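Enquirer: Here is how the chains run, residue by residue.
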Amino acid sequence: MRLALMMMLLFYVIAYIYLLSDNLQFAVAILALWIVIVSNIHSRRSDKKFLQINIPLVNMIYISEYLIISIPIIVCFLLNKQWMLSLCLVIFCLLINKISINARRKSDTLNSFILKRLPFKMFEWKSGVRQFHSFLIIVWLLGATFSFFEASVPLCIFIIGTLVCEFYKRNESWQILLCYQKNSDKLLYSKIKQYFLLYTVINLPLIIIYLFFHIELWYIVCAEYIIFLSIHTYCIFLKYAYYDLNKSETNSVFMLIGFFIGLIPITTPVLWIVSIYLMIKSRNNLKFYLNDYN
Amino acid sequence: MITINGLTVNYTKDKNVINSLNCVFQANAIHGIVGLNGSGKTTLFNAIFGLKKATHGSVLYNDQPLTKKDTSFLPSENFFYFNITGNEYLSLFVNPTFDTMQWNKLFNLPLNGIIDNYSTGMKKKLALLGIIKQDKSIILLDEPFSGLDIEMCRILRLIILKLKANGKTFIVSSHIMETLTNMCDYIHYLQDGIIKRSVAKDGFISLEQEIFSLKDHEITMKINSLL
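So the protein sequences, as listed, match chains A and B. Numbering-wise, the working numbering puts 294 at position 294 of the first sequence, and it's gapless, one number per residue. Numbering-wise, the working numbering puts 1094 at position 94 of the second sequence, and it's gapless, one number per residue.
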């Protein structure tokens, strides 16, 4: 089931990249995004030391791995006759091993300005932002900087929105659940409210910049913003609907299904209906733990 | 005063882990729960705190149902949220009078570091700090000394005694009798889901002899037959 979903997603993404890379501006944006993703993967790899010790030609491993995962994009560029961009991507894959930053180690003790500004009750965001810290900042800045491209901000909102889903994947311990000292209704309300405010604060500048350059395309970012609000609300309710002391993670298959249902604008209302069902279920599920705070 | 009336808890219908347990815990005292593995200590704590639903019976605090508003609970195994720091965990508990930095001089934890990188003992200390910060009138501690070093065990004992002097009520479990005898006002012996005996300070030695003399004899016989 998971494999089938992953294959579908992969096919969908590659087809979309192929269609977009016909346009030079979109192709440049795709290249920039891909470079950011691969750099991030490379800087976070935990097997670097192991490879250095055990593999004599470690650079060849890196080059071959990054070339293999870049093949779909290179092929899309070649099919659309984006020769320079294809070459740039190949050169990037050849030089990526020169990056020696170990972002993984840095993130372990990261207490940046942004993390300190996040509300202390939003532990999911503190954890998630710490995990994807540099990547989120780079994506946000690239999105804002290249907002004169039509695809820049929508792509940025998409990436940030997808990562935020990941924030709500893990269950908290009951100690954290009880620390709010609120009943289930108030807890869910405060969770949704805090999420809504924070997500809006992050996206609003991007939306304003985008509207400044492309006012005629206002509906794209607005629809995307609403779609991701719906998906994240679904994720929050899903987490608490199936909250269990003995489970550290929420059901990722349900999360993935909700994500895809939400992404397709025609089926987004289905997600709203499911979210209402999950809201009722999470209220009932949390009552056992939080009834004392009624 | 905490009163437990006919508390029954089970995981499967055919076997009760806590079996119509009746007990009274005096307020402003330290109560030790002692029992062998599988005697139902953790289940009893979970049921008192409300993490495990009781099949029958009730837990009352001053004749009212005991709620989580009055109680904090340190489980034997602690689980924290992924990728947050000790400071971030503690900041979730609201207590304006609690000075985290001053308390940490006793606990000596790297509060700006990610909890996932803490050792087992450090995680236990962090959970204890969280419990102290909550400042509830009833504190349940399930195996609080396991995983702690000798110095920290001494510090924790002194903290518990001081908090008791400030009016808190403790229910503490341990496998090791000595950790309870030098701190508790009462010890309750839990066996097969019921409190077999409850003794005050003057009865600790006789309780210890009663529990272990028979066991020691049985164990010696078994070892002799094996070796």
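Derived by calculation from the structure, the hints in this document are not laboratory data. Treat the numbers as computed from the prediction; the structure is a model and nothing was measured. Even for Gly, the Cβ is constructed at its ideal location relative to N, Cα and C. Accuracy of the hints is not assured; some may be wrong.
Output of the computed footprint for chain A on chain B, the stretches with three or more beta carbons under 8 Å from beta carbons of chain A [unchecked claim]:
#1 1053–1061
#2 1065–1071
DEER-style ranges, computed between Cβ atoms [claimed, not checked]:
#3 A/Leu-245 to B/Thr-1012: 12 to 22 Å
#4 B/Asp-1116 to A/Asp-244: 14 to 24 Å
#5 B/Tyr-1011 to A/Ser-46: 36 to 46 Å
#6 B/Thr-1012 to A/Pro-56: 56 to 66 Å
#7 B/Asp-1116 to A/Leu-245: 12 to 22 Å
#8 A/Asp-244 to B/Gly-1038: 18 to 28 Å
Here are some chain B residues the structure puts well away from chain A; computed CB gaps all over 10 Å [as the list claims (entries may be wrong)]:
#9 Thr-1003
#10 Thr-1085
#11 Glu-1088
#12 Leu-1092
#13 Val-1094
#14 Phe-1107
#15 Asn-1112
#16 Ile-1114
#17 Met-1122
#18 Ile-1205
#19 Lys-1222
Enquirer: A separate judgement is required for each hint: does it hold in the structure or not?
Expert: Status of each hint after checking the structure:
1. 1053–1061: violated (count 1)
2. 1065–1071: holds (count 3)
3. A/Leu-245 to B/Thr-1012: 12 to 22 Å: holds (18 Å)
4. B/Asp-1116 to A/Asp-244: 14 to 24 Å: holds (21 Å)
5. B/Tyr-1011 to A/Ser-46: 36 to 46 Å: Given a distance of about 38 Å, which is inside 36 to 46 Å, the answer is holds.
6. B/Thr-1012 to A/Pro-56: 56 to 66 Å: holds (57 Å)
7. B/Asp-1116 to A/Leu-245: 12 to 22 Å: holds (19 Å)
8. A/Asp-244 to B/Gly-1038: 18 to 28 Å: holds (23 Å)
9. Thr-1003: holds (18 Å)
10. Thr-1085: At roughly 7 Å from the nearest Cβ of chain A, B/Thr-1085 sits no farther out than 10 Å, so the non-interface label is violated.
11. Glu-1088: violated (6 Å)
12. Leu-1092: violated (4 Å)
13. Val-1094: violated (8 Å)
14. Phe-1107: B/Phe-1107 is indeed farther than 10 Å from all Cβ atoms of chain A, at 17 Å.
15. Asn-1112: Its Cβ does come within 10 Å of chain A, the nearest being 6 Å, so this is violated.
16. Ile-1114: violated (5 Å)
17. Met-1122: holds (14 Å)
18. Ile-1205: The assertion about B/Ile-1205 holds, with a minimum of 37 Å to chain A.
19. Lys-1222: holds (35 Å)
Violated hints for the displayed structure, listed by number in ascending order: 1, 10, 11, 12, 13, 15, 16.
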